[in-house]
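From the two separate chains plus the hints, produce the assembled complex.
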Amino acid sequence: MVVDRIASRACLSRRTFLATSAAAGGGLMLNLSLPLGRSEAAPSESFVPNAFIRVGSDGQVVLTMPYVEMGQGTYTSIPMLIAEELDVSLKQVRLEHAPPNEKLYANPMLGVQATGNSNAVRGAWKPLREAGAAARFMLVAAAARRWNVDPASCRVQNGEVIHVPTSRRLKYGELAADAARMPVPKNVALKQPGDFKLIGTPAKRLDAAGKVNGAAVYGIDARPQGVKFATLAQSPVFGGRVRSIDDTAAKAVKAVRQIVRLDDAVAVVADHMGAAKKGLAALKIEWDDGPHARLTTEEIARELDQATLGSGAVAQNIGDADKAMAGAASKVEATYQVPFLAHAAMEPMNCTVHFRKDECEIWIGSQAVARVQAMAAKAAGLPPEKVIVHNHLIGGGFGRRLEADGAVRAVEIAKHIDGPVKVVWTREEDIQHDMYRPYWFDRISAGLDDKGRPVAWKNRFAGSSVIARWLPPAFKDGLDPDSTEGAIDLVYDLPNFHVEYVRVEPPGIPTAFWRSVGPSHNVFVTESFIDEMAAAAKQDAVAYRRSLLDRSPRAKAVLDLAAEKAGWGQTLPKGSGRGVSLQFVFGSYLAQVAEVEVSQEGAVRVRRVVCAVDCGIAVNPDTVQAQIQSAIIFGITAALHGEITLKDGRVQQSNFDDYQMLRMNEAPAIEVHIVRNSEPPGGMGECGTSAIVPAVANAIFAATGKRLRKMPVDAATLKQLG
Amino acid sequence: MAFTIKVNGNTRTVDVDGDTPLLWVLRDVLGMTGTKFGCGRALCGACTVHIDGVATRSCVTSIDSIGKSKVTTIEAIGATPAGAKVQKAWLEHEVVQCGYCQSGQIMSAAALLASNPHPTDADIDEAMSGNVCRCGTYVRIREAIKLAAQADERGG
Numbered sequence: 001m002v003v004d005r006i007a008s009r010a011c012l013s014r015r016t017f018l019a020t021s022a023a024a025g026g027g028l029m030l031n032l033s034l035p036l037g038r039s040e041a042a043p044s045e046s047f048v049p050n051a052f053i054r055v056g057s058d059g060q061v062v063l064t065m066p067y068v069e070m071g072q073g074t075y076t077s078i079p080m081l082i083a084e085e086l087d088v089s090l091k092q093v094r095l096e097h098a099p100p101n102e103k104l105y106a107n108p109m110l111g112v113q114a115t116g117n118s119n120a121v122r123g124a125w126k127p128l129r130e131a132g133a134a135a136r137f138m139l140v141a142a143a144a145r146r147w148n149v150d151p152a153s154c155r156v157q158n159g160e161v162i163h164v165p166t167s168r169r170l171k172y173g174e175l176a177a178d179a180a181r182m183p184v185p186k187n188v189a190l191k192q193p194g195d196f197k198l199i200g201t202p203a204k205r206l207d208a209a210g211k212v213n214g215a216a217v218y219g220i221d222a223r224p225q226g227v228k229f230a231t232l233a234q235s236p237v238f239g240g241r242v243r244s245i246d247d248t249a250a251k252a253v254k255a256v257r258q259i260v261r262l263d264d265a266v267a268v269v270a271d272h273m274g275a276a277k278k279g280l281a282a283l284k285i286e287w288d289d290g291p292h293a294r295l296t297t298e299e300i301a302r303e304l305d306q307a308t309l310g311s312g313a314v315a316q317n318i319g320d321a322d323k324a325m326a327g328a329a330s331k332v333e334a335t336y337q338v339p340f341l342a343h344a345a346m347e348p349m350n351c352t353v354h355f356r357k358d359e360c361e362i363w364i365g366s367q368a369v370a371r372v373q374a375m376a377a378k379a380a381g382l383p384p385e386k387v388i389v390h391n392h393l394i395g396g397g398f399g400r401r402l403e404a405d406g407a408v409r410a411v412e413i414a415k416h417i418d419g420p421v422k423v424v425w426t427r428e429e430d431i432q433h434d435m436y437r438p439y440w441f442d443r444i445s446a447g448l449d450d451k452g453r454p455v456a457w458k459n460r461f462a463g464s465s466v467i468a469r470w471l472p473p474a475f476k477d478g479l480d481p482d483s484t485e486g487a488i489d490l491v492y493d494l495p496n497f498h499v500e501y502v503r504v505e506p507p508g509i510p511t512a513f514w515r516s517v518g519p520s521h522n523v524f525v526t527e528s529f530i531d532e533m534a535a536a537a538k539q540d541a542v543a544y545r546r547s548l549l550d551r552s553p554r555a556k557a558v559l560d561l562a563a564e565k566a567g568w569g570q571t572l573p574k575g576s577g578r579g580v581s582l583q584f585v586f587g588s589y590l591a592q593v594a595e596v597e598v599s600q601e602g603a604v605r606v607r608r609v610v611c612a613v614d615c616g617i618a619v620n621p622d623t624v625q626a627q628i629q630s631a632i633i634f635g636i637t638a639a640l641h642g643e644i645t646l647k648d649g650r651v652q653q654s655n656f657d658d659y660q661m662l663r664m665n666e667a668p669a670i671e672v673h674i675v676r677n678s679e680p681p682g683g684m685g686e687c688g689t690s691a692i693v694p695a696v697a698n699a700i701f702a703a704t705g706k707r708l709r710k711m712p713v714d715a716a717t718l719k720q721l722g
Numbered sequence: 001m002a003f004t005i006k007v008n009g010n011t012r013t014v015d016v017d018g019d020t021p022l023l024w025v026l027r028d029v030l031g032m033t034g035t036k037f038g039c040g041r042a043l044c045g046a047c048t049v050h051i052d053g054v055a056t057r058s059c060v061t062s063i064d065s066i067g068k069s070k071v072t073t074i075e076a077i078g079a080t081p082a083g084a085k086v087q088k089a090w091l092e093h094e095v096v097q098c099g100y101c102q103s104g105q106i107m108s109a110a111a112l113l114a115s116n117p118h119p120t121d122a123d124i125d126e127a128m129s130g131n132v133c134r135c136g137t138y139v140r141i142r143e144a145i146k147l148a149a150q151a152d153e154r155g156g
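Protein chains in written order, with my numbering: chain A, 1 to 722; chain B, 1 to 156.
Just so you know, these hints were derived from the structure itself, not from any lab.
Just so you know, not all the hints are guaranteed correct.
To be verified - Result set (BS3-like, lysine-lysine): computed pairs, CA atoms no more than 25 angstroms apart in a straight line:
no., chain 1, residue 1, chain 2, residue 2
1, A, 204, B, 146
2, A, 91, B, 146
3, A, 574, A, 710
4, B, 6, A, 204
5, A, 378, A, 103
Keep in mind it's a predicted model, so treat the numbers as computed, not measured.
In isolation and in its complexed conformation, chain B is listed as follows (with noise of 0.2 angstroms):
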């Protein structure tokens, strides 16, 4: 059956069984490839979206589970102050590698920075430890996602 979903401010409406997860939405029927697929199970968190502004694996939200949440993905994450605080310290502290699950990374560490502008380490692992880097940049991002909530602080 179609489902009107609302993804970075814009209407789409996607004819697709209920059941299906949003990942699959987004990526193979509406084109948007920035969100990753990693394990199909909430256990990697490449596919990290956010709804209503919660850091939500798209892998396992149906699509008839969505009404009319708003979805913001990687694509629009950057017109968020959280989002544009987290891509400038990823670039600034040289982040990335492969860099396949930075997707997932940056939503989670902007879900995390636009509820909780100055994280502590507990706080970060607890916000972060759902997302697996197989290159392992975990210290950078930490790195990183300090450096943000820095800017916070300095009113940039």
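Isolated chain A, as found in the complex (with noise of 0.2 angstroms):
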């Protein structure tokens, strides 16, 4: 295999930054390394290859992609960086899995193989761009040694090379071996923003067709010859075992073929999902709940507030707040508390596994394809290079599918299987043992000068750290990137500010990324908290926010863009509200104004949300544009209906009726302005989400005069004062 061939050679060449060779088919080979981010796991200096350009002779372009598509629109957004310095049309580039290997793969900017954190476009926006460079440099050599002239008498168009003064043309595939052979440069120039083709301007997405003719192969579409069809029931509570199980009656149902007893969980195996249910609701499992048989989220939220009366890690220190504070002329405090929350993401949990003697086969879809190879080599027993994992396409990732708990929960119970089992998870099983968006407590508080402006800001927030557990040299001095973001590093201008971080790990209850990850708790505070200190200052809510953007002009843009497009001061009718959200993470800048009504009766619907966004070169506008409208229903459902709690240490919700999403008739208008300019790309995948939040609390508060600090937003309380 060609991706194999050079992998164990590129693993030599450390600092070389393109290495090439002749393909298979006497094609060119672009072997590309992308340089590590900053990471403990590898030092600055190392290259790392990460990604392969593959020009065949017949003029196809075959880009492994390091990166999964999940919805976000990568797999057409980063062709379109390769495709736009090659000069061929989006068509001409084929796209395959990358494998799992954490040494050629690694995500730039996390050190090791994965997408998220709304990074895929940063982190491949250069390299991948000098890829294409390079690769279009060695066509042009190519063309101009065998016709003989000055390669700067040629340029290229639409996967062609042309001699200008004679009009001469040879196609890239034909250049294909020729170029192989050529010198790699070491500087190429890359396009200046002006003369951009296809970044920036909107390309339909690659992977639409096959998604709406039920074409598109999921993981839980894999369909090895042989497989049988597993589901299971793991322990209620988290950390309890199975005590006994009578498994008569499962038995008995047909088409089921063998239950599965492991440590914590019963698997029910049949020729078809049906039975394999029809089996498990048969079968009698008694329990020994452990240790969290009495865990409440009350009991879990109590922890956390007396973790925030202590001392925490520093954050980020500006100046004196404590002495600010002092001396202030007036004093805002608030607690703000955000729940656990489930992924819910439309494709259940599933994974199917080939357990042989000496060798494991997977089907997944994966957020962390090299994770769950080296986490199943464990749990089967083998060696990482005798886990062979196909990816997929993935049915909703949001931070789930960066997890491998389902990929070992699948060989454990495959290892007692002769042949290919798909293991599916019922619904209730995916809500009830998901890794949650941890529960955070806030305590925060400012000091207001006599005019009403922040003279001090302080900040002490208690959660989970989900890097210490996912990307342990990440987590440092009781810190980490992910936990802090949006809570430290402001737009605004705040002169002694002071945030303290405590890691607190709730029993019971395992934690993971979500959707805007750390910002989707942080923003929700700050940004809920500026408006109280707005409201505190008697003024208006963007307004105040303005007075402090004076060394953040981008900032200041958006939030200009979003207040105009929204109307914002234009009467709303009673009982309906706007709010407003600013933010800078991921590398975007995002304002958002959301229009709340709020009923007699304490319900809230979101009518309208209007977001102005400045994310730097909007590669593909029109995924810019989907992924704010997805961010913001995914946030609204959050705000509205999201909460996870847990009572006699189990998850009490089950399936969307009791854990709910927003729904067509729920769904607000969503206006999203870019603005443009030539800055390097920021993050597009998550920020709607942490934005959308507090301008929901916000436009509440603007409704009814009520301040929620608790999400998600509780309708019995806006109606007592309603």
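Below is the structure:
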């Protein structure tokens, strides 16, 4: 296999940016090295190969994609970077899923092979364009040599090299073999933004066609020959075990083949999922609930509350917040809380495994395929290279599929089965055995001067660090870059600023990344609290923010744009209100204005959302718009409905009736306004989610005078005051 | 026991318990994976198929309830006039993201347009609110349904 062959060699060329070789078909192959981002995992001077371009003799450009498609449009925007510099149409680029290989495909901004943190375009922006430009340079050199002319007299257009004076043309495919023998350029000139043909122009998604006719293949659709179907029950209390089972009735169900009892789970294997589910329902399981049998969410919240009364690791300190607070004319103080949240991707957790004597084959849709390989290998008792992982399209990731627990579970089951087995979790298992967005508790205060202007800001918050478990080297001195993003480095001019983080890992409930990660919590707190400060200062929420933005012109510009487009200041009917939020996270500036309507009964309806975004160069503006629409719906879902609670150690929610999703009839009108400039691209997959929650909460305040400091929105609270 | 059903114009016989949901017959027994599993309780619409043209949640429709009715799935909906228009509009408006729920969305939208060629916003809410999209493509779904309805108006 070409990829593997190149992979082993590429590892040797640590300092090489580009190396070439003749591909199997005589084509040009570029081995692209991406410099690692700042990471403890690898020294900063090292260069680790990460992706491949291949130009075949048929002229087709093949990109081995290190990033996975989960709806965010990366299978279109990343090829655009290559195609732009190569001057080929997007149709000429074919994608291949990258196999697991941390050395080759590490995400340059994470240091591991993963798609997350809204950074695919950010990480790929320079190196992938450079790879395209280098390939173009070599194709031109090959053509010039064949014609015996000066390369400077040639140009490229639409997959061809043209000798301008004589109008001779050669297609890339005809040049591929020769180009492979050309020297790799050390420095290649990249196109100037003004010359972009693809970047910045809406492009059609390359993955759309198969998604409208049922042809797209997700992990759950994998069907290796002879596959059996399994579903499972895991201990309803995290950390519990199976005490006993009675499988008499389950085994009597037609098409049920086998019951697999694990330490903390039981699986029913059948000829189809219908029989597996029926068998599971007939299975009698007694559980030993273990140490967390009486755990409640309230207990966890109390622990976090207590933790904010102590001291934490200092995430950022500017000036002297204590001194400034003591001298302030007035003070604003509050506590905020956000709940555990499930991911509830539409494709329930699933993984197909064929465990054989000395190897293991896995079919899955994963955001972190190398992690799947490593953890599955451990569970299988095999070296990683004996675990073959086939990655698939992802039916919703949102951070859930950065985890490998589902693959580990499937391997544990498959070890007991002769032949391949597809383990599909019911929706109930998916929600009750998720790894959840952490519960967070914030204790925050601000000092204002006699004009209401902030002179001091103090925030201490407590909650789980997902990074500490998922990427341990990035958790350092009590801090990690995710837990604090959106709580520090604010866009506002805040002269005395002190933020502390207290890591508290609640027992009995696992936590994980969830769309918009750290900012999903921090931006809700900071943008709600700035609103509180504006109210305390008796100033308009937009004007107050604006007065603190002199050192952040890009933030000011999106705020102004959103306010203008939303008709900020115009009168709304009684019971309605507008709320604003402003953030700089994931490398993008975003302002949102939400318009809500609150009924007499306290029911909240978000009617309209206006968003202004400055994400630098919008590689595919249609995707930028789509991701903001998507992220806003995701965030409103959380704000209005999202809450996972524990009682007796058990997650109380189970399906879409008690863990509700926003639906068509509740969806607001959404307007997206994109600021055009030539700054490097920022991330777009998540920032819309963190921004909408405070915008909705602030709008509810404008409509009702009630400040909601705990998510999700509690209709009963709003009714009482109505 | 054995059941003979008509799926996308083909006659298929399967040997399963009578209470087996159609969803698993389609996906696991017949290998037609375009129809998706989302909740198992008719709460999300990912498994929507047409039974005699009516949008139906296959995850709660037992195989013994189908009888001689015609089952149409996402794999064949493009052969119906409404289905073809909906698919075209979906591509035109770039509706899909992760795409997992879109089989069900398209089946619901095609059933809506087949029975109501010019739906109002309220009609769209009524017909589509049973279909959850976690990627939040609702804004574009609404636009695409309207575009598909206009295609009908223009005769094409």
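Consistency of the hints with the structure:
no.	hint	result
1	A:204 to B:146	20 angstroms, holds
2	A:91 to B:146	29 angstroms, violated
3	A:574 to A:710	24 angstroms, holds
4	B:6 to A:204	36 angstroms, violated
5	A:378 to A:103	19 angstroms, holds
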